[in-house]
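Trainee: As they're listed, the protein sequences go chains A and B.
When you line the first sequence up against the working numbering, it's residues 1 to 559, in that order.
When you line the second sequence up against the working numbering, it's residues 1 to 246, in that order.
Worth flagging that the hints you see were computed from the coordinates, not collected in a lab.
There's no promise every hint is true.
Stated by the list, open to error - The calculated lysine-lysine pairs, modelled on DSSO-like cross-linking and capped at a C-alpha distance of 27 Å, are:
1. B:Lys-18 / B:Lys-92
2. B:Lys-120 / B:Lys-152
3. B:Lys-93 / B:Lys-204
4. B:Lys-152 / B:Lys-138
5. B:Lys-204 / A:Lys-118
6. A:Lys-118 / B:Lys-18
As the list claims (entries may be wrong) - Examples of chain A residues lying across from chain B (beta carbon under 7 Å, computed):
7. Val-184
8. Ile-363
9. Leu-367
To be verified - Some residues of chain A that are not near chain B, with every Cβ distance over 10 Å (derived):
10. Thr-46
11. Asp-113
12. Tyr-125
13. Leu-135
14. Val-156
15. Pro-164
16. Ile-177
17. Leu-374
18. Thr-388
19. Phe-465
20. Ala-474
21. Ile-478
22. Tyr-489
Glycine is no exception: its CB is placed at the ideal position from the N, C-alpha and C atoms.
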Amino acid sequence: MSTTPPKPPGYQLPEEHYLNATYGIRSWLLTTDHKRIALLYLASVTFFFFIGGIFATMIRIHLLTPAGYLVTPETYNKLFTMHGVAMIFFFLIPSIPAVLGNFLIPLMIGAKDVAFPKLNLLSWYIYITGGCFVLYSFATGGLDTGWTFYTPLSSVYSNSAVTPAVIGIFINGFSSILTGLNFVVTIHTMRAPGMTWFRLPLFVWAQYSTSIIFILGTPVIAITLLLAGLERMFHLGFFNPALGGDPILFQHLFWFYSHPAVYIMILPAMGVISEIIPTFARKPIFGYTFIAASSIAIAVIGFFVWAHHMFLTGESTYAALAFSLLSYLVAIPSAVKVFNWTSTLYKGSISYDTPMLYALGFIGLFLIGGLTGLFLACLGLDIHIHDTYFVVAHFHYIMVGGAVMGYVGGLHFWWPKITGKLYPEFLARLAAVILFVGFNLTFFPQFILGYLGMPRRYHNYPPEFQVLNVMSTAGASILALGYLLPMIYLTWSMRYGKVAGRNPWPATGLEWTTASPPLTENFDVTPVVDWEPYDYKNRPDLGLQTPTAPTLAPAHGDD
Amino acid sequence: MHRTGELSGQFQTLEQQKESATLGMWLFLSTEILFFGGLFLTYTINRHTYADVFSYSSRTIKLSWGAINTVVLIGSSLTMAMSVWSAEVGKKKLVTFFLIATLVLGGVFLGIKGIEYHDKFVEHHVPGLGFDMYYCTKNPGACNLRPEDLQKERVELDELTKKMGGETAVNANSQLFFSLYFGMTGLHALHMIIGAGLLLWLIKQSMAGRFTTQYNTPVENVGLYWHFVDIVWIYLFPLLYLIDRH
Numbered sequence: 001m002s003t004t005p006p007k008p009p010g011y012q013l014p015e016e017h018y019l020n021a022t023y024g025i026r027s028w029l030l031t032t033d034h035k036r037i038a039l040l041y042l043a044s045v046t047f048f049f050f051i052g053g054i055f056a057t058m059i060r061i062h063l064l065t066p067a068g069y070l071v072t073p074e075t076y077n078k079l080f081t082m083h084g085v086a087m088i089f090f091f092l093i094p095s096i097p098a099v100l101g102n103f104l105i106p107l108m109i110g111a112k113d114v115a116f117p118k119l120n121l122l123s124w125y126i127y128i129t130g131g132c133f134v135l136y137s138f139a140t141g142g143l144d145t146g147w148t149f150y151t152p153l154s155s156v157y158s159n160s161a162v163t164p165a166v167i168g169i170f171i172n173g174f175s176s177i178l179t180g181l182n183f184v185v186t187i188h189t190m191r192a193p194g195m196t197w198f199r200l201p202l203f204v205w206a207q208y209s210t211s212i213i214f215i216l217g218t219p220v221i222a223i224t225l226l227l228a229g230l231e232r233m234f235h236l237g238f239f240n241p242a243l244g245g246d247p248i249l250f251q252h253l254f255w256f257y258s259h260p261a262v263y264i265m266i267l268p269a270m271g272v273i274s275e276i277i278p279t280f281a282r283k284p285i286f287g288y289t290f291i292a293a294s295s296i297a298i299a300v301i302g303f304f305v306w307a308h309h310m311f312l313t314g315e316s317t318y319a320a321l322a323f324s325l326l327s328y329l330v331a332i333p334s335a336v337k338v339f340n341w342t343s344t345l346y347k348g349s350i351s352y353d354t355p356m357l358y359a360l361g362f363i364g365l366f367l368i369g370g371l372t373g374l375f376l377a378c379l380g381l382d383i384h385i386h387d388t389y390f391v392v393a394h395f396h397y398i399m400v401g402g403a404v405m406g407y408v409g410g411l412h413f414w415w416p417k418i419t420g421k422l423y424p425e426f427l428a429r430l431a432a433v434i435l436f437v438g439f440n441l442t443f444f445p446q447f448i449l450g451y452l453g454m455p456r457r458y459h460n461y462p463p464e465f466q467v468l469n470v471m472s473t474a475g476a477s478i479l480a481l482g483y484l485l486p487m488i489y490l491t492w493s494m495r496y497g498k499v500a501g502r503n504p505w506p507a508t509g510l511e512w513t514t515a516s517p518p519l520t521e522n523f524d525v526t527p528v529v530d531w532e533p534y535d536y537k538n539r540p541d542l543g544l545q546t547p548t549a550p551t552l553a554p555a556h557g558d559d
Numbered sequence: 001m002h003r004t005g006e007l008s009g010q011f012q013t014l015e016q017q018k019e020s021a022t023l024g025m026w027l028f029l030s031t032e033i034l035f036f037g038g039l040f041l042t043y044t045i046n047r048h049t050y051a052d053v054f055s056y057s058s059r060t061i062k063l064s065w066g067a068i069n070t071v072v073l074i075g076s077s078l079t080m081a082m083s084v085w086s087a088e089v090g091k092k093k094l095v096t097f098f099l100i101a102t103l104v105l106g107g108v109f110l111g112i113k114g115i116e117y118h119d120k121f122v123e124h125h126v127p128g129l130g131f132d133m134y135y136c137t138k139n140p141g142a143c144n145l146r147p148e149d150l151q152k153e154r155v156e157l158d159e160l161t162k163k164m165g166g167e168t169a170v171n172a173n174s175q176l177f178f179s180l181y182f183g184m185t186g187l188h189a190l191h192m193i194i195g196a197g198l199l200l201w202l203i204k205q206s207m208a209g210r211f212t213t214q215y216n217t218p219v220e221n222v223g224l225y226w227h228f229v230d231i232v233w234i235y236l237f238p239l240l241y242l243i244d245r246h
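Produce the entire structure from the sequences given, and follow the hints as far as they go.
Mentor: Structure below.
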C-alpha cells in the first residue's frame, strides 16, 4: 500500500468524558448513561464467558482419552450443560447487543442516550439477578439436563438444581426483552436530524432486527421455562406424558425461541462485520439496501424454521418438508451478506488491521458454519448426523467462529472509542491469528468425528476417535491463549495505550465524529447528518475527500 | 436547549418523548401477547386432545362469578378510557375520580377471583394440592354444591370415567385443565395486581395535579396496559368457562 499513517498531532484525551465525569462505585451502579451500562455489561458477560470457558476446558481435558480422563459421567453431563447455559444465555445473547449495541446505537444515530435510560439500567440488574440464580444452581448441585431443558428429564427425572436455573433464565429473559424494546424505540424516535432509515449504519439495522427477535421470541421461552419449572415444583403435567402432557410441545415452544436465538447471536456480529469491512477496504459497502433488508429477512424467516431441530421426533413428514425448505430459505439472506462483503473487498484499498483480520476470519468461518447448517437442514442427511459432533462443530462455527469473532473484532474496532486508547497492534494481530488457528483446530476435527458417528454429549468414545479428539483439545488450548491475550492487552491499553484521537481508522460513522472517549451527553451539539453512509470520498469533515482520501491510513498503538 | 419540568434529558421535545413512551408500551404489549401465547397454545393442543375432560372440567367452574367478573372488567375498561379522556381534555378532578373507579373495579375483580379460587380449593380442584376430581361426589357434604347439581355431576362424571377408561386418566387430564386454568387466570391476576399498583401511582400523581393537556402519557399508557389485560380476559372467559355451556 502506498499509504502512510497520519502523524497525529499529539492527541489529547478530552478533559471531561463519560469515564471521568463522576467517580465512585455509586456513580457506576446507579448510572443511566448507556456507555457506562455497556461497560457494566462488558464486565459481567466477560465473567460469564470465563465461567463457561472453564467448563469448556474441563470438557476438552476429559475427552483426551477414550474412557474419559477427568470426571464421572454424571459430572460430565453437568459440565456440558453448564457450559451451554453460561455461554448461550449469559454470554452470547447479551454480548454484542448489550455491550456494543448499548454503547454504540445512541452514538451512531446521534442521540444523547437510549429512549429509556432507567429501563436500560434495570435490564442490567435483571441480568445480574438471573445470573445469580444460575450461579446458585451451578454451585448447589449443578445442572445436567443439557442447555435445552428437555422435559420430562428436566421436570421429573433430573436430580440436579434445575429449579433455580430455570428461574434464573426466566428472569434473564426480561433483560433481553427490555433491551430489545429500548433499542427499537431508540432507533425509531431518537435519530438525529438527517439520519434517515437508509443512512443508518448497518450495525444499527442488525441491532434492530435482533431486537425484534428479542421482543417476539424471548417471552415464549420465558413462559415455556416457567411452565417447566411449575411442572417440576408442583408436579403438574403440561409436558409430562405420564399425566397426559406432551413433551414434544415443550420442544416446539423451546425451539420457537431458541432457533431465532441463534440469529440473536449472529445478526449483531454480521452488523459488526458490515462496519469493519468498508472501513478497512476504504470503500462504500456494496449493496447497502440488500444488507439492511437481509437482516430483517433473517429475523423474520428465522421464526419459521424451529422444527428442523425435531426431524427425529416423529413429527409429520410434511411438516418436516416445510421446515426443511424454510431453513434453506434463511441461507439466501445470509449469502446476500457474504456476497456483498466480498464485493466490497473487490478493488478496495485493503489494510490488514486487527478488526479486519477478525472480519475476514468471520466470513470464512461463517461460510463453513452456514453451509454445514444446510447439511443439517437436509432431511435425509440430518438422520445420519443428528445429535453427533457434526452438529456441535456446526453451531460452534456459527457461534464462536461467527458471533464471538464478530464480538472480539468489534471490541477491537471500537476500543479506541470506548477507552480513548489504542491497543498494541502487533499483539492484537497475533492474537487474531492464534484465535483463528486455535478455533479451526478445535472444531474442524469435530465435523469429521460427527460424520464418523461420534455422538454428542457422551462422556466416552471408541478408541479410534482419539486422534481427532486430541487434536480438538490441543486446538482448545491454543484458543484459550487467543482469548487470554486480548483480555490482557486490552486491559493494559486502558491505562498505557496511546491516545487514539477521535477517529483513528478513520471511519465514517457518526460515533467517530465525537471525542474518544465521548462526553456523557455524547455530542456537544446535536449532529446534523447530510452525508450518505460509508462514503469515503466526500467527507472533508473527517479528512476524507478525493484526491487526498487514500493517504489516510489506520493509526496503530505501536507505530 | 428546550426543556420543561416533564421532559427527560435524553429527549429534545415533548412530542418525541410521548412518541417514544407510546411506542414502547405497544412493543411491550406485543411481547405480552407472545408471553400469553405460549399458554394459549398449550391450552389449544390439550383441549383438542382431551376435549371431553376439558368440557367436563370447565363445567365445574361457576359460570355466574365469571360472568359478573367479565362485566366488572369491561366496566373498569370504560372508567379507564374515561380517565384518559379526562386527562386529554384537562379535567383534573375527573381523572382522579375515574382512576379510583378503575382501581375499585379491579379490586372487585380480584376479590371475586379470590372467591372462585377458594371454591376450587374446597373442591380439591387445585393441581398439586390433593387434586381429586371425585372429591365432591365422594364426599357429598364437603363441597358447597346443591343436591341436584351434585347428582348431575355424579352422572356426568361416571359417564366420563367410562369413556376415558378409569379415574386415573380423568384425574390426570382434568388436572391439566386446572393447571391451565390456574396458570392462565393466575398470570392474568398477576397482571391485574401490577395494573392496580400502576393505578395507585397514577392516582397519587393525579391528585398532585401533574396531568395536563400537554402531559398525560402515563395515563394513556397505563390505559393501554389495562385494556390489554382486559382483552386477555375476554379470551380467557370463553376458553375456560364457556366451552361446553349450550
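Trainee: Take the hints in turn and mark each one as holding or not.
Mentor: Okay, the hints, checked on the actual structure:
1. B:Lys-18 / B:Lys-92: holds (19 Å)
2. B:Lys-120 / B:Lys-152: Distance ~18 Å between Lys-120 of chain B and Lys-152 of chain B Cα, so the pair holds.
3. B:Lys-93 / B:Lys-204: The hint holds at about 12 Å.
4. B:Lys-152 / B:Lys-138: Satisfied, since the Cα-Cα distance of roughly 13 Å is no more than 27 Å.
5. B:Lys-204 / A:Lys-118: holds (21 Å)
6. A:Lys-118 / B:Lys-18: holds (16 Å)
7. Val-184: holds (6 Å)
8. Ile-363: It is violated, given that the least Cβ distance between Ile-363 of chain A and chain B is near 33 Å, above 7 Å.
9. Leu-367: Not OK, violated: Leu-367 of chain A not within 7 Å of chain B, min 33 Å.
10. Thr-46: holds (27 Å)
11. Asp-113: violated (4 Å)
12. Tyr-125: holds (18 Å)
13. Leu-135: holds (26 Å)
14. Val-156: Holds, because the least Cβ-Cβ distance between Val-156 of chain A and chain B comes to about 14 Å, which exceeds 10 Å.
15. Pro-164: holds (19 Å)
16. Ile-177: violated (5 Å)
17. Leu-374: holds (29 Å)
18. Thr-388: holds (30 Å)
19. Phe-465: Phe-465 of chain A clear of chain B: closest Cβ-Cβ about 40 Å, beyond 10 Å.
20. Ala-474: holds (44 Å)
21. Ile-478: Per Cβ check, Ile-478 of chain A is outside 10 Å of chain B; nearest 42 Å; holds.
22. Tyr-489: Nearest chain B Cβ is 34 Å from Tyr-489 of chain A, so the label holds.
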